[in-house]
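Trainee: The primary structure of each chain is shown beneath.
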Amino acid sequence: MYGVMFLALLSSLKAIAYKEAQMDTKKVLMTKMGLDGHDFGVKILCQMYRNAGFEVVYTGQRQTAEMVVAAAIEEDVDVIGISTLSGAHMHSVPLTMEEQKKQNIDIPVIVGGTIPPADVEKLKKVGVAEVFPTGTDANMSIEFIKKLPNRKSLKRG
Amino acid sequence: MDIVDKMFQGDRLALARLLSILENNTPEVPLVMSRIQQNQDNGYYIGFTGAPGSGKSTLVDKMILQIRNNNLEVGVVAIDPTSPFSGGAILGDRIRMQNHALDPGVFIRSLATRGSLGGLSRAAKNTARILNASGKDYCIIETVGVGQVEIDIVDTADTTVVVLMPDTGDSIQAIKAGIMEIADIIVVNKADLKGTDQLIADLMLMLHENQRHSWWQVPVIATQADKNIGIKELFEKIEEHKEVLKDTGMLVAKRKEQRVSEFMEIIEQTLLDVILESQKDDSEFCEIINNVMAGLIDPYSAAKKVFGNENLIKRWMMRLSSEILIERRRVDA
Numbered sequence: 001m002y003g004v005m006f007l008a009l010l011s012s013l014k015a016i017a018y019k020e021a022q023m024d025t026k027k028v029l030m031t032k033m034g035l036d037g038h039d040f041g042v043k044i045l046c047q048m049y050r051n052a053g054f055e056v057v058y059t060g061q062r063q064t065a066e067m068v069v070a071a072a073i074e075e076d077v078d079v080i081g082i083s084t085l086s087g088a089h090m091h092s093v094p095l096t097m098e099e100q101k102k103q104n105i106d107i108p109v110i111v112g113g114t115i116p117p118a119d120v121e122k123l124k125k126v127g128v129a130e131v132f133p134t135g136t137d138a139n140m141s142i143e144f145i146k147k148l149p150n151r152k153s154l155k156r157g
Numbered sequence: 001m002d003i004v005d006k007m008f009q010g011d012r013l014a015l016a017r018l019l020s021i022l023e024n025n026t027p028e029v030p031l032v033m034s035r036i037q038q039n040q041d042n043g044y045y046i047g048f049t050g051a052p053g054s055g056k057s058t059l060v061d062k063m064i065l066q067i068r069n070n071n072l073e074v075g076v077v078a079i080d081p082t083s084p085f086s087g088g089a090i091l092g093d094r095i096r097m098q099n100h101a102l103d104p105g106v107f108i109r110s111l112a113t114r115g116s117l118g119g120l121s122r123a124a125k126n127t128a129r130i131l132n133a134s135g136k137d138y139c140i141i142e143t144v145g146v147g148q149v150e151i152d153i154v155d156t157a158d159t160t161v162v163v164l165m166p167d168t169g170d171s172i173q174a175i176k177a178g179i180m181e182i183a184d185i186i187v188v189n190k191a192d193l194k195g196t197d198q199l200i201a202d203l204m205l206m207l208h209e210n211q212r213h214s215w216w217q218v219p220v221i222a223t224q225a226d227k228n229i230g231i232k233e234l235f236e237k238i239e240e241h242k243e244v245l246k247d248t249g250m251l252v253a254k255r256k257e258q259r260v261s262e263f264m265e266i267i268e269q270t271l272l273d274v275i276l277e278s279q280k281d282d283s284e285f286c287e288i289i290n291n292v293m294a295g296l297i298d299p300y301s302a303a304k305k306v307f308g309n310e311n312l313i314k315r316w317m318m319r320l321s322s323e324i325l326i327e328r329r330r331v332d333a
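So the protein lines, in turn, are chains B and D.
Take the first sequence: its position 27, counting from 1, is numbered 27 in my numbering, and each next residue is one higher.
Take the second sequence: its position 223, counting from 1, is numbered 223 in my numbering, and each next residue is one higher.
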């Protein structure tokens, strides 16, 4: 019995020493764009994502599309999460997708918040990976992020 | 042209991707680090450490501005703690560094501590090195100063700034060992709060009693980072420390020391890896471990038993030599 315990101990020791367990840690950029001041939801999500084992980079509020994409490049994240409660998502989200194309990158974008049902398809049409409107179980977004491929952000290099 | 060449040409995507390689400690790390060997000592490393909420990120934000005003480029490694329970982390240092989001002369990278045995300090050091190799004149390493690991990271820095704030303890806190002893410069931030004068007086007394170097008196600087007060003085002190390090030959000595200690660390890690790996199927070693676990033998005697066991050591050596063969094949290929 001790042998088994020792092996388990050993592998966990090794995992700590060589970060094997963390090789597939997801890195998420969370952001609020424009004049959207309600950051209560995004902060709760940040904590939920942390508890799910993700590394969450929170940019803070009042971001432009250029700022979001620049931060996503520097941090080399797996996914960009835009929380929107201001109703301006049809403005800020397409701008972000445009900016990604301009910078020659293709990081999956997910959007959550007060999004009318009619806008969900529109957002997906501009390239958003998934939309989580008000009322969605937050765990659904965790499952979605977990299934995303790792560090595929670069088209070149 | 590969990713390292691209990084040298100023490609931000390539730089970010290289930093991810270090962060995830992939097998490419040695290759990458050997490629940047010639360029990694070009820049200057500044460490910022201090308690959570003392204003490190805001100070760093203002320092970036100061450095950029001198027309120099700067890289930032901002380290936040990993949750020991979930393995996740919230990296929030960027929030205070908004002003530089679109400045091509600034590169900010967040890093989680990931709770690894010495692994973080290596990833953080290497991250700083690559940032410097990419042409940054300064690299700022910002970390929460709460443990030995953080002290190790700051060890990479040429100038270490410890950030304090008033009203967080009595005069005994200031003379406790540890983080205070690694400071080259002490900053008392939020200097508009009450208790500032008392803290500065305590610190001055403490520093006067314990001068570490004959060639450097650790200064205490009062700042209000959010109002940009004291930032210029701080930058001047950092520059002064840099000059002193250069003039006394300490900078060269420090770099030499760092190179050797990093080399020894890698050797240590590799040996440990080989030995741990070979134990998986070694019944003799497992038996000793089991006895230690059950409390039948004390760890010192157990270790003595291990090193007195000729066969066991021989098996380790065999494992090592097979490792050499693997390495040789890798080089040939």
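Treat the hints as calculated values from the structure; they're not laboratory data.
Since we're looking at a predicted model, the values are computed, not measured.
The beta-carbon is built from N, C-alpha and C at its ideal position, and this holds for glycine as well.
You may find that some hints are simply not true.
Some chain D residues close to chain B (C-beta under 7 Å, calculated; not the full set) [stated by the list, open to error]:
#1 9
#2 12
#3 16
#4 20
#5 29
#6 32
#7 33
#8 81
#9 84
#10 87
#11 88
#12 102
#13 107
#14 110
Trainee: For each hint, tell me whether it holds in the structure or not.
Mentor: Hints, one by one, checked against the model:
Given hint, residue 9 of chain D at the interface with chain B, is violated; its Cβ is 11 Å from that chain's nearest Cβ, farther than 7 Å. This hint holds: residue 12 of chain D has a C-beta 6 Å from the nearest C-beta of chain B, less than the 7 Å allowed. For residue 16 of chain D, the interface hint holds, since its Cβ comes within 7 Å of a Cβ in chain B; the closest pair sits about 4 Å apart. With a least beta-carbon distance of about 5 Å to chain B, the hint placing residue 20 of chain D at the interface is held under the 7 Å criterion.
Annotation: residue 29 of chain D was flagged as interfacial toward chain B, and the flag is violated, the nearest CB pair being 11 Å apart, outside 7 Å. Interface hint status for residue 32 of chain D: violated, as the beta-carbon distance to the closest one in chain B is roughly 13 Å, over 7 Å. This hint is violated: residue 33 of chain D has a C-beta 16 Å from the nearest C-beta of chain B, more than the 7 Å allowed. Interface restraint check: residue 81 of chain D against chain B, minimum CB-CB distance 10 Å, threshold 7 Å, status violated.
About 11 Å separates the beta-carbon of residue 84 of chain D from the nearest beta-carbon of chain B, more than 7 Å, and the hint is not met. Among the interface hints, the one on residue 87 of chain D holds; its C-beta lies about 5 Å from the nearest C-beta in chain B, closer than the 7 Å criterion. Hint status for residue 88 of chain D relative to chain B: holds, with the closest Cβ pair at about 4 Å, below 7 Å. Interface hint at residue 102 of chain D: satisfied, since its Cβ lies 6 Å from the closest Cβ of chain B, which is below the 7 Å cut-off.
For residue 107 of chain D, the shortest C-beta to C-beta distance to chain B is roughly 6 Å, which falls under 7 Å, so the interface hint holds. At about 5 Å, the closest approach between the beta carbon of residue 110 of chain D and any beta carbon in chain B falls short of 7 Å, and the interface hint on this residue holds.
Checked against the numbered hints given earlier, this structure breaks hints 1, 5, 6, 7, 8 and 9; the rest are met.
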